[in-house]
Amino acid sequence: MPAPQPATAHELAHASVADVVVIGGGVNGTGVARDLSLRGLRVVLFEKNDLAFGASGNSSGMIHGGARYLAYDASVTAKSCKDSGFIQAVAPHLLFRIPFLMPLPRGAKGRILLELVDGYFKAYDDYQPLKRGESHTRLSAAEMQAVEPGLATDSCGGVTFDEWGTDGARLCTLNAVDAARNGAAVHVHTEVERIEPIGQSDAAASQSPAIPRWLVTARDATSGAVHRVACAFVVNATGAWGPLTAALGDVARASLNVRPGKGIHVYYERRITNFAIVAKAIDGRQAFLEPWENMTVIGTTDDDYYGNLDRVLPTSEEARYLIQAVAQVFPSIRRARAIGTWAGVRPTIHRWGRVEDKLSREHEIVDHAVAGMRGVISLIGGKLASYRLFAEEASDFVAHALGVNRPCQTHVLPLPGGISVPNPRQLAEEFSVDSIAAQRLVFRHGERARPILQSLRDDPRNAEVVCPCEPVLGAEIRHVLREEFAFTARDVSRRTRLGLGACGGMRCALRCGQIVASERGLSPVEGMRQGLELLETQALMRRPILDGEQAQQEALHRAYLRGLLGPSPGEGS
Amino acid sequence: MSRRDVIVLGAGAAGTAAAWHLARSGCHVRVVHAAAGATALWNGVVDGLPGTPSPAESELLSLLGICAPTSPAKLLNIFGILREADAHDDALLDVASARPALVLVPTLPRAAWDGEAIAAGLRAHAGGRFDAQTIAIPDLLLPGELAWPDGAIACALDDDARRAAFEWSLTEKLATWKNTATALLLPPWLGVSKPYAKPLEKALGVGVGEVASGLAAAAGLRFVHRRDALFAHLGVEVHRSRCEAIDRDGESVRLTLKSGELVTGTHLLVAFGGFVSGALQVPRHPAISLVPAFQRSVPSLTLRADFLRVGARGKELAINGSTYGTTPEDLAHTLAGPALLDALGVLAADDGSPYGSPLPFVRIAGDALADAPRTFGHALRGGIRAAQKLLNA
Chain A
1 MPAPQPATAH ELAHASVADV VVIGGGVNGT GVARDLSLRG LRVVLFEKND
51 LAFGASGNSS GMIHGGARYL AYDASVTAKS CKDSGFIQAV APHLLFRIPF
101 LMPLPRGAKG RILLELVDGY FKAYDDYQPL KRGESHTRLS AAEMQAVEPG
151 LATDSCGGVT FDEWGTDGAR LCTLNAVDAA RNGAAVHVHT EVERIEPIGQ
201 SDAAASQSPA IPRWLVTARD ATSGAVHRVA CAFVVNATGA WGPLTAALGD
251 VARASLNVRP GKGIHVYYER RITNFAIVAK AIDGRQAFLE PWENMTVIGT
301 TDDDYYGNLD RVLPTSEEAR YLIQAVAQVF PSIRRARAIG TWAGVRPTIH
351 RWGRVEDKLS REHEIVDHAV AGMRGVISLI GGKLASYRLF AEEASDFVAH
401 ALGVNRPCQT HVLPLPGGIS VPNPRQLAEE FSVDSIAAQR LVFRHGERAR
451 PILQSLRDDP RNAEVVCPCE PVLGAEIRHV LREEFAFTAR DVSRRTRLGL
501 GACGGMRCAL RCGQIVASER GLSPVEGMRQ GLELLETQAL MRRPILDGEQ
551 AQQEALHRAY LRGLLGPSPG EGS
Chain B
1 MSRRDVIVLG AGAAGTAAAW HLARSGCHVR VVHAAAGATA LWNGVVDGLP
51 GTPSPAESEL LSLLGICAPT SPAKLLNIFG ILREADAHDD ALLDVASARP
101 ALVLVPTLPR AAWDGEAIAA GLRAHAGGRF DAQTIAIPDL LLPGELAWPD
151 GAIACALDDD ARRAAFEWSL TEKLATWKNT ATALLLPPWL GVSKPYAKPL
201 EKALGVGVGE VASGLAAAAG LRFVHRRDAL FAHLGVEVHR SRCEAIDRDG
251 ESVRLTLKSG ELVTGTHLLV AFGGFVSGAL QVPRHPAISL VPAFQRSVPS
301 LTLRADFLRV GARGKELAIN GSTYGTTPED LAHTLAGPAL LDALGVLAAD
351 DGSPYGSPLP FVRIAGDALA DAPRTFGHAL RGGIRAAQKL LNA
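Keeping their order, the protein sequence lines are chains A and B. Counting from 1, one number per residue, gives the positions in the first sequence under my numbering. Counting from 1, one number per residue, gives the positions in the second sequence under my numbering.
One or more of the hints may lead you astray.
So, partial list: chain B residues that the calculated Cβ filter (under 8 Å) puts toward chain A [claimed, not checked]: (1) R83; (2) A85; (3) G214.
Keep in mind that the hints were calculated from the coordinates and are not lab data. Every residue, glycine too, gets a C-beta built ideally from N, C-alpha and C.
Extracted from the complex, chain A is given alone in its bound form (with noise of 0.2 Å):
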């Protein structure tokens, strides 16, 4: 590759000025933006799809204390804990607690692993207060049965543990909000093209470590803008795109090196259990199912991915191993009815030689001044349940290079909405909603809710109840399409949930869009558009899971959608 030409000095003269460039609009972009914009720093962050798209917002949605890792790597499952605590402390309402069941095998080898898994829970106990978890039960096989009906009887008993669910993409969106809200600017659907150096000589950057050294050129795919910021600092969080974006930097790829890893859930129509359950898939994998938000969800698949990291698609295959996976402990998932899947990557770090499930679930700074780049970095690895961490040891890097020593704060500074959390049953009366669209109103915003509702009184169809799965009040789409860096129906249902529910989208998608085109001032064809473009997403995510019911559905759905549009090209005879 040829070495980056230093940029023009016409580019220069048109270019804003910016400490830190963030590239990646996931939880850790986000986290990095929203911490650093907190001390003070000027920072410019570019996505170049949406906040969340990739495994932020396709991750189990927990924010678990690692139990898993405390095996090989206790100062994961310390961190991971430590860092659940502070994330509850600032996202208060973003929270729902999940109780796990772990069924053991019958026989003198279960009863074995049965003492082996208590004395394992007893030493994950310690790590619970930080937390705010519940210390593990043992129960015996009655007791399992008695909690969760469903479960296979063929176990010896087994044990409980406790963990926090929440929501990847919002939490995405709470941070590039607080970040804006501190002086950042946000700009999502906006592609890096290019990070070119300033030749500044090093001695002028070492006299001033804030001088800027790099020229980011960045592309808005919607309107063709392109966006030249000069800063001192560029922070690539792009995840499994992670190798690809350093590149631009003429970062060689044997310097970046992640191990992507595809991840699918399947998720069904509604809560099924009482329990997160354990279970063991045909490789010996760990599987689960959690009752997740208003659903429940199995997962999670692990397996190296070199495809589109802009279109991931799960397969039938992946869907039948989870369901396989959690059928040995929980029958009758067989008859519940999966409406459909999600799929992401996983910017694991690179490891040669060892199989997926063994990768390590640290996170990684990679400081490109060895390469001779000196003030890039790249995030790599990490997890949901640790990024708050990650983001303030990647803002203390940045902070520490610039000369700015103002501590971290998103540990104390609640995110948006995260001050207080109204109780949804008063709002839901005072304002005369639904009490469930109020009660998810105030998971997703918080103290917001408030707000969102007073909408309501300029204009009663902003009452609209647009997503009925979810449920999502029209005063919600206005909101996010406003305030949280929304431009498209799909950016929507990222952060409200819309059409992500039994229906698939029928009810609401193409609504959502008309809504999008009178906020945006587009046309009715262009909104149109958009709602069909998720109703195709949600179409393709579905294809794998399609049986019995869901089949069915899905012909409503295409006889309701041949109805309105007319017969497609080639179509009817």
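Go by the hints and put chain B onto chain A.
Chain B only, in chain A's frame:
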């Protein structure tokens, strides 16, 4: 020719057309149907009937309250998008035939109706040929009705007293527009058992019609109402239950219904929309074998009645996972062209004869007809054709 005793399985567009044609041709017809299918979601738009309808088709269309203009109709959907159609429920506003200079679109304090967006859509599509204007009619609905689904309001407007109040609030508002407005676009509310579009048009002196909407749609309800009236008039026997098994009983064909009833006849006309009606979801039965491996992957597609099989694209379908055959991924794809789900139908054969040459006593129509993406018009035409073939066999 001996009298035929025909069982029609399904009562959507295809089943209705077939039952109607058979009954008026002198057959004894029994209709078996279970649940609301795609036709119940019908939004009033008819595609797939190009050209001039045959005399039989014309007669049935008018019985079902469907008008087929000589040139394609231009209908507006609830998202403000105009589109062409071959025919439509006569309550829908056709802006091509009405040649409206100015269409009035009410704004309502109601969730599912965005008058501004619809008017904007209409203007964007009209290309200057006509205009659309919003008018606020806040008292068009009673306060309690504001949250009702469209279908419920359509039912309420079957009532004369309610109609009088409705008309009154419209007349008052339209007075100022008397000389400029030529048409009034309304939500899908214009009656179920008593179609209201034409009387309202007469009362107001402007063209009146509904938008096409596929959810809780009045057009689907009107279809169901007209169909039931048609069956009653023709003396068609209706069994409302799910068919659980189909087999032969000597010379006759026998359906076992979920209600426990047995329905027999000399002929069977299959006209169900497979997935939607759930007709392919036949529970375990001696006549049906499921491939045990990977049952999770679409077991409901592997139906084997003793002479009916599920097929797609002319081949018997057994989706067992990609290692063994078709993958579920092939089934559905919302927009990018036809998927297997569209081409899914019932194959009828006794001796492995290829798809397309069914048993003489079985005919297939509508959604159950494999190998063709279906529309309302296609189903209607297919229903009549299947009935004709059965009569000629």
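* **Hints that the structure is at odds with (numbers, increasing)** => Violated hints: none; all satisfied.
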